[in-house]
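This is what each chain is made of:
Number of protein chains: 2
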Amino acid sequence: MIDLVMEFDAHGGRHLYEQIYDHIKEEIRKGNLLCGERLPSTRMLADYLQVSRSTVDMAYEQLLSEGYIESRPYKGFFVCKIEELYHFKAAAPQKSEYVRQSPRRFLYDFSPNVVELGSFPFGTWKKITKETLIDDRKEMFALGHPQGDMDLRISISHYLHTSRGVNCTPEQIIVGAGNDYLLLLLEKILGRNICVALENPTYKRAYRIFHSFGYHVKAIPMDENGMRVDALYESEADLAYVMPSHQFPTGIIMPIGRRMELLRWAAREEQRYLIEDDYDSEFRYRGKPIPSLQASDHEDKVIYIGTFSKAIAPAIRISYMVLPQRLLARYWERCPFFSSTVSRIDQSVLNVFIRDGAFERHLNKMRKIYKSRHDTLLACCRKYLKDVTISGENGGLHMIMHCHGDQTEEELLRLAGEKGVRLYGMSDTYIGRLPENWQPALILGYAGLKESEIETGIRILSDCI
Amino acid sequence: MIDLVMEFDAHGGRHLYEQIYDHIKEEIRKGNLLCGERLPSTRMLADYLQVSRSTVDMAYEQLLSEGYIESRPYKGFFVCKIEELYHFKAAAPQKSEYVRQSPRRFLYDFSPNVVELGSFPFGTWKKITKETLIDDRKEMFALGHPQGDMDLRISISHYLHTSRGVNCTPEQIIVGAGNDYLLLLLEKILGRNICVALENPTYKRAYRIFHSFGYHVKAIPMDENGMRVDALYESEADLAYVMPSHQFPTGIIMPIGRRMELLRWAAREEQRYLIEDDYDSEFRYRGKPIPSLQASDHEDKVIYIGTFSKAIAPAIRISYMVLPQRLLARYWERCPFFSSTVSRIDQSVLNVFIRDGAFERHLNKMRKIYKSRHDTLLACCRKYLKDVTISGENGGLHMIMHCHGDQTEEELLRLAGEKGVRLYGMSDTYIGRLPENWQPALILGYAGLKESEIETGIRILSDCI
Chain A
1 MIDLVMEFDA
11 HGGRHLYEQI
21 YDHIKEEIRK
31 GNLLCGERLP
41 STRMLADYLQ
51 VSRSTVDMAY
61 EQLLSEGYIE
71 SRPYKGFFVC
81 KIEELYHFKA
91 AAPQKSEYVR
101 QSPRRFLYDF
111 SPNVVELGSF
121 PFGTWKKITK
131 ETLIDDRKEM
141 FALGHPQGDM
151 DLRISISHYL
161 HTSRGVNCTP
171 EQIIVGAGND
181 YLLLLLEKIL
191 GRNICVALEN
201 PTYKRAYRIF
211 HSFGYHVKAI
221 PMDENGMRVD
231 ALYESEADLA
241 YVMPSHQFPT
251 GIIMPIGRRM
261 ELLRWAAREE
271 QRYLIEDDYD
281 SEFRYRGKPI
291 PSLQASDHED
301 KVIYIGTFSK
311 AIAPAIRISY
321 MVLPQRLLAR
331 YWERCPFFSS
341 TVSRIDQSVL
351 NVFIRDGAFE
361 RHLNKMRKIY
371 KSRHDTLLAC
381 CRKYLKDVTI
391 SGENGGLHMI
401 MHCHGDQTEE
411 ELLRLAGEKG
421 VRLYGMSDTY
431 IGRLPENWQP
441 ALILGYAGLK
451 ESEIETGIRI
461 LSDCI
Chain B
1 MIDLVMEFDA
11 HGGRHLYEQI
21 YDHIKEEIRK
31 GNLLCGERLP
41 STRMLADYLQ
51 VSRSTVDMAY
61 EQLLSEGYIE
71 SRPYKGFFVC
81 KIEELYHFKA
91 AAPQKSEYVR
101 QSPRRFLYDF
111 SPNVVELGSF
121 PFGTWKKITK
131 ETLIDDRKEM
141 FALGHPQGDM
151 DLRISISHYL
161 HTSRGVNCTP
171 EQIIVGAGND
181 YLLLLLEKIL
191 GRNICVALEN
201 PTYKRAYRIF
211 HSFGYHVKAI
221 PMDENGMRVD
231 ALYESEADLA
241 YVMPSHQFPT
251 GIIMPIGRRM
261 ELLRWAAREE
271 QRYLIEDDYD
281 SEFRYRGKPI
291 PSLQASDHED
301 KVIYIGTFSK
311 AIAPAIRISY
321 MVLPQRLLAR
331 YWERCPFFSS
341 TVSRIDQSVL
351 NVFIRDGAFE
361 RHLNKMRKIY
371 KSRHDTLLAC
381 CRKYLKDVTI
391 SGENGGLHMI
401 MHCHGDQTEE
411 ELLRLAGEKG
421 VRLYGMSDTY
431 IGRLPENWQP
441 ALILGYAGLK
451 ESEIETGIRI
461 LSDCI
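Quick mapping for you: the protein sequence lines, in order, are chains A and B.
With the working numbering as the guide, the letters of the first sequence map in order to residues 1 to 465.
With the working numbering as the guide, the letters of the second sequence map in order to residues 1 to 465.
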């Protein structure tokens, strides 16, 4: 009989059968037991090791399950042919070199990508969550509709209709975990070999995402009304990605005339579409909100994308996309099998949050807070800074400061950074070369800074300019 | 002066300025006010309408913002040139034709895709959620790491190491909203023009997803040990998608020898990888769990994908992917800009659920429940059915019943359906033609049925066979 001497570890807490299984597996791996070799019968091994036969049975069964040994009728158990056995050892966990550096902390960060989280209605959110997680609603944990739960889609369609003029049925809405995901899905709906036109400057993440799709990306210059339609026609693009209500970064509001020209461009060819990214239009500090481009679309050409990242919080990870009817048909044809990416609990909480008016109250509150910060920033720029002009104000969560002095953007960012003020250069938002006669400009986000911080930040900035 | 007679609606709750703005906008849209026409000055219109001048100012300002009119210095306000104005009317919401029919309710549904939700620890989940949503943890609502929060990734890596033998650092893990999303991300990491080999039969959703990527999909026949490696070599695939611990649908456990052959296949070419979809290996009812294929990989070739859909609940929408080091580098190069798709609140709740042992307790509880249903199903098949054989049992949440009678699968499904029993045919899981000598087979999922329901369901089935 093969030597199967083994020492049992009585204190390790491991079952005897596991120890026998491990020992034999190691013997096979080390090559001490070779392919085709016969193992002792369970009875013999049980006698030899002085354990019960069922213990050896269990060990053999596990070895059988994993394919280390095979059973031949009336002959017994044999070691399997195994092409090559790597030694299984727990590799010492290596620290990856791709860990992101935790960013340097600045005292005053004028990021356009943060929102004020201190005013989040934690109490309401918690209360709704608690009510959602009651024991008899176990359907909450079953897989939901791929487009998102109908209740939530109805709430979103009402909200979009009243606040943004968007015309859609809940059936046209797809709820997804963030805009990036919705764009990934849209790629599957639209297909390959697409030429997409972006405003230049633009939201660079969208640029990178379209680029990662292998889309042909065309940067279309802007005038004071937004994307230049003459250049769009020349580009031969199939798809134009625009932010008509408050363009990022310029803050330009596309006037109705330009919108109509864009819609006509799209209507000219069957495969042309417009993506309207309506990322921050909840926030407008003068007059009424600017209606969406989708509101003027009667040719079924606008793909409308919105998010709760700005209006509620970035970590909520809930966005939505309104598909034109003809793309909805294609969605059901090409990708109905992609499951929803948003937990049904989260969908239910958000639905109640909107339906019961908490969302509107929250928006009204945030609009006041952001308006005050917006006004403070404008006032401070006038009070402390010379040789700068402001554009893109009155809406959203950022504005643009054009600097007319001799300093480069880089110098300004560096000098301010040394004094604890984090600034964001507008030149980063251009695709390709900067326009001629380019003057340094800063994207000043104010959503995450209190009024006193804005004032101090701008005072520090005045020392750098 | 242009005729701007308008009737104010004193009871509609709308501000006067909005009514003036709406009236002028409509006049422009209807063509009553033409391009280039001059509007009355704000003072004149205010006098005429007997409203305050600031009211008219606000109306004009909104029209300016939206681009209906323009202001010429010292001359006044003029109607803009607008290429074409569609009439804005709220289209009557149409019912979409793509609404899914709500599925017919069956009394006994042997779906392999459901889990038992009645045993979900609602109390624990609610308690952890409540503790997560405390007011001073506002960082919960800021955007997190694209791969998922480090705390959760550490918990997952510990769990994978101890329960599945997976060797990885938390830096290799990407948390995402479901397997479908992780595959979408993987497409961006791996790139285009890929030939992927799938076991045949297989999980059809994966097949459809790879197909939607434009990947060249090869169906590789299986023998009793899983994917045939000779056919894999012939296929010239770059990527093989396998379920080694409990193949869907066959339930085959890939033996160690076949695993080594697959690993060797992958190691032969730089660009070859294996995707291990370890979808239900938490549940094994005999012996120890089968270790993962990744545990035997020492060439950095296995992309390991797991999910909490089976172990916790489908609606949780949290899956994870362990990338080999070299693909991790490519992830950071090609798609670091895709934001995480899982809410940080959910990540935090799940992390505490795992870290504090609730997950392990839940798994132990569910394993007992499912084992009892598994055993009941096996016993009932023996008791009530003749001319059938069972395979793929002892693990996961389904088994295969091979039917040796004269009936077709379709007939069986229809007959049982008429009596309220929903069955799933195995022929649906084949890519392309069925193998020669194909015999009807059913995929019997038992996770969502109580023991008594299983017994009744199988008794009904016995009347149909």
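If you're looking for bench data, these hints aren't it; they were derived computationally from the structure.
A few of these clues could be false.
Stated by the list, open to error - Here chain A is said to cover these stretches of chain B; the calculated rule only asks that three of the stretch's residues, wherever they fall, bring their Cβ under 8 Å from a Cβ of chain A: (1) 57-65; (2) 231-244; (3) 283-297.
Stated by the list, open to error - Quick list of in silico lysine-lysine cross-link-like pairs, DSBU-like style, CA-CA up to 30 Å: (4) Lys-368/A with Lys-127/A; (5) Lys-365/A with Lys-371/B; (6) Lys-126/A with Lys-75/A; (7) Lys-81/B with Lys-30/B; (8) Lys-365/A with Lys-383/A; (9) Lys-204/A with Lys-138/B; (10) Lys-130/A with Lys-288/B; (11) Lys-368/B with Lys-130/B; (12) Lys-30/B with Lys-130/A; (13) Lys-188/A with Lys-138/B; (14) Lys-130/A with Lys-81/B; (15) Lys-383/B with Lys-371/B.
What the hints assert, rightly or not - A few chain B positions that, by computed beta-carbon distances, are all more than 12 Å from chain A: (16) Asp-9; (17) Asp-22; (18) Arg-43; (19) Gly-76; (20) Ser-119; (21) Asp-180; (22) Ser-212; (23) Glu-261; (24) Phe-338; (25) Val-342; (26) Ile-345; (27) Glu-360; (28) Ala-379; (29) Thr-408; (30) Trp-438.
Each residue gets a CB set at the ideal place from its N, CA and C atoms; glycine is no exception.
Hint check:
1. For a cut-off of 8 Å, the count of residues in the region 57-65 of chain B with a CB near a CB of chain A stands at 4, and the three-residue condition holds.
2. Counting residues of the region 231-244 of chain B whose beta-carbon sits less than 8 Å from any beta-carbon of chain A gives 0, not enough to reach three: the coverage restraint is violated.
3. Counting residues of the region 283-297 of chain B whose CB lies closer than 8 Å to any CB of chain A gives 8, so the stated coverage by that chain holds, three being the minimum.
4. For the hint linking Lys-368/A to Lys-127/A, the alpha-carbon distance of about 24 Å falls within 30 Å, and the restraint holds.
5. A C-alpha spacing of about 53 Å is found between Lys-365/A and Lys-371/B, which places the hinted pair above 30 Å, so the restraint is violated.
6. A hinted pair counts as satisfied when its Cα atoms are at most 30 Å apart, and Lys-126/A with Lys-75/A does not qualify at roughly 65 Å.
7. Using a Cα cut-off of 30 Å, the hinted pair Lys-81/B and Lys-30/B holds, with the two alpha carbons roughly 14 Å apart.
8. As the CA atoms of Lys-365/A and Lys-383/A are separated by approximately 27 Å, the hinted pair is consistent with the 30 Å bound.
9. Of the pairs offered as hints, the one joining Lys-204/A and Lys-138/B holds, with about 27 Å between alpha carbons and a cut-off of 30 Å not exceeded.
10. Pair hint Lys-130/A plus Lys-288/B does not hold up; C-alpha atoms about 38 Å apart against a cutoff of 30 Å.
11. Restraint check for Lys-368/B and Lys-130/B: the C-alpha separation of about 29 Å stays at or below 30 Å, so the hint holds.
12. Between Lys-30/B and Lys-130/A, the direct Cα distance comes to roughly 51 Å. Violation of the 30 Å bound is thereby established for this hinted pair.
13. At most 30 Å may separate the alpha-carbon atoms for a hinted pair to count; Lys-188/A and Lys-138/B exceed this at roughly 35 Å.
14. Between Lys-130/A and Lys-81/B, the direct Cα distance comes to roughly 54 Å. Violation of the 30 Å bound is thereby established for this hinted pair.
15. The hinted pair formed by Lys-383/B and Lys-371/B meets the criterion: a straight-line CA distance of about 18 Å does not exceed 30 Å.
16. Every CB of chain A lies more than 12 Å from the CB of Asp-9/B, the least distance being 16 Å, so the non-interface label holds.
17. Not every CB of chain A is more than 12 Å from the CB of Asp-22/B (nearest about 10 Å), against its label as outside the interface.
18. Every beta carbon of chain A lies more than 12 Å from that of Arg-43/B, the smallest distance being close to 19 Å; the non-interface claim holds.
19. Every CB of chain A is more than 12 Å from the CB of Gly-76/B (nearest about 18 Å), matching its label as outside the interface.
20. A beta-carbon of chain A is positioned within 12 Å of the beta-carbon of Ser-119/B; the least distance is around 9 Å.
21. At roughly 5 Å, the least C-beta separation between Asp-180/B and chain A is not larger than 12 Å, which violates its mark as non-interface.
22. Not every CB of chain A is more than 12 Å from the CB of Ser-212/B (nearest about 5 Å), against its label as outside the interface.
23. Here Glu-261/B does not stay apart from chain A, with its beta-carbon only about 5 Å from theirs, under the 12 Å limit.
24. Separation of Phe-338/B from chain A is inadequate, the least Cβ-Cβ distance of about 5 Å not exceeding the 12 Å criterion.
25. With a cut of 12 Å on Cβ distances, Val-342/B falls inside the contact zone with chain A, its closest approach being about 6 Å.
26. Its beta-carbon lying about 7 Å from the closest one in chain A, Ile-345/B breaks the requirement of being farther than 12 Å from that chain.
27. With a minimum CB-CB distance of about 15 Å to chain A, Glu-360/B clears the 12 Å threshold, and the non-interface call stands.
28. Look at Ala-379/B: its CB is around 20 Å from the nearest CB on chain A, clear of 12 Å, so calling it non-interface holds up.
29. Consistency note on Thr-408/B: stated as away from chain A, and its beta-carbon is indeed over 12 Å from all of that chain's, at 26 Å minimum.
30. Here Trp-438/B stays apart from chain A, with its beta-carbon at least about 25 Å from theirs, past the 12 Å limit.
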